[in-house]
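Produce the complete structure using the sequences and hints provided.
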Amino acid sequence: MYTTELQKTKAVAGTEDPDKLAAFEARVAADEFIEPKDWMPEAYRRTLTRQISQHAHSEIVGMLPEGNWITRAPSLRRKAILLAKVQDEAGHGLYLYSAAETLGTSREEMIEALHSGKAKYSTIFNYPTLTWADIGAIGWLVDGAAIMNQVPLQRTSYGPYARAMVRVCKEESFHQRQGYEIMMHLAAGTPEQKRMAQDALNRWWWPSLMMFGPPDADSPNTAQSMRWRIKRETNDELRQKFVDITVPQAEALGLSVPDPVLAWNEEKGGHDFGEIDWEEFYAVVRGEGPVAKERMKARRDAWEEGAWVREAAAAYAEKHARKAEAA
Amino acid sequence: MASLPPIDLPRGATGAGAFDALAEGGENNVLFGFLLRLGDDSLILGQRLSEWTGHAPSVEVDLSLANIALDLVGQATHFLNHAGEVEGKGRDGDALAFRRDVLDFRNCWLVEQPNGDFAQTMARQLLFSGWQKLLFQALLGSRDATVAAVAEKAVKEVTYHEELAAEWVIRLGDGTEESRRRMQDGLEWMWRFVPELFDMDPLAAFVAEHGLGADLAALRPAWDRRVRSVIEQATLRVPADQRPILGGRRGHHSEHLGHLLCTMQFLPRTYPDATW
Ligand SMILES: [Fe+2]
Ligand SMILES: [Fe+2]
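Chains as they are written, first to last, in the numbering used here: chain A, 22 to 348; chain B, -9 to 266.
Please keep in mind that the hints were generated in silico from the structure rather than gathered at the bench.
Since the model is a prediction, treat every value here as computed from it, not as a measurement.
Even glycine gets a Cβ: it sits at the ideal position worked out from N, Cα and C.
Accuracy of the hints is not assured; some may be wrong.
Listed next, the stretches of chain A that the computed footprint assigns to chain B, with coverage defined by at least 3 CB atoms under 8 Å from CB atoms of chain B [said to hold, decoys possible]:
(1) 74 to 86
(2) 111 to 125
(3) 325 to 334
Structure representation (structure tokens):
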């Protein structure tokens, strides 16, 4: 997920004032929002900064695979919808950087951390968009998975993050719908279009399931994050929900999910599904995804090539602030 | 309005064989041709701007460029759908956008110019949106109800485009030494395409006379005042005028347009029987 724990935070146990800590935990347990000026444990601040900035980076890097198709969108309507969608993602990135900044890290520092490879972003954006159907699959599956993760985060304990999620969630359902609509159109289209649609589902299915992060057994910090209401459901719970909602949607499209083990399990009231290739997941987390190098290069190039613009804007603002002062 | 009789226009502003003459086999349906000019300008610039998505100097700039592109694609959709109706041959906006080749595009040279750096993109935007704003203001009174209605919505959009571009031109011109040099270069690159915007060729003259279009030449003084004042505030020089480059309005373009169309039209061209 955009917010899956892809790095560990070092423990800073035993250094907090126990009374403050107890009061803090009581507030969180009572579902109160923590605001920027409130006292918070250092580990909470660090975990949140990492999670929110990773979420912001995911929105921004996530513009690239879809941006890859804006200039080739096959109709005026599709072009307008995709532009609007990618524009929304840029807006999500902005709200999230602002939310993270309230925890005391500047946007520049966060971007620096992304470009140096220190900060992570969702593994899903390290896969290439090969055909127009990939734009459908991303909206349907990737935005679909994002919704699953973000809806509970509207009640996350940190106020600015929760409020950012409320704004983000309003737009995500439109993203998913436009993606599914592209898939519907392709699945009902010519044989070439059906082929594109099936191939896209084949390639995006497993990476979408990986978005929810490692299995609960391998997520040692989940308990802490759940107690602090930074996370509200476990990786496996969310993944199961996603599979159960998405499989019938694939059936409605007449497409087959690339998992021979997939079957409805009456007893558990959910689907059984195959083993995820966690080795692939961890490789992608390490930066070994198929187009990870391209994604990072595109972000670094945009930043470096735009440096003179940002410097000019700062120089102009300073010049005119001085003039205004002198006047 | 669709019943307006086709008229035979002279083959071009200058004689046959001139670069700015009408492309061979070009249509003579005046209202259709007029709508293509409007729609193609917006479409091609929207396409150009969308190339920036994900690669702009900051997230804020990324947002504003995508926003402008989105407005322009919306305008193009209205104008080209209307053009298709007027033509009456069963083509809609998509057919016109995705199934025509260079000789049948009617946009000006300015909009098809490559983005270059951010300064070049903003130079193009200032010159074009400044013109489009005046044009759409004039088109509010068009006798073609669709044109007037689209202009009414679009005039607000392009006023914002122009303001945003003006702000950046001023900021970059009066920013650092590097941004100043780049901004001046951007203006120098784009300036030779200005005269085409105001060119009153026979089609432009006809639609103006019949209350459909605007007297483009009459827009020039207001445009000059505004653009010169922005360039002055940016502490830059107004580039020198040169021999006008014309031809875009009659299907004769720069080399850049063909490449832009290759990308834009790839899917409908590759899968001619598919709908999307
Ligand atoms: Fe998003
Ligand atoms: Fe989204």
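Checklist entry - Which hint numbers does the structure go against, in order from smallest to largest? => result No numbers; nothing is violated.
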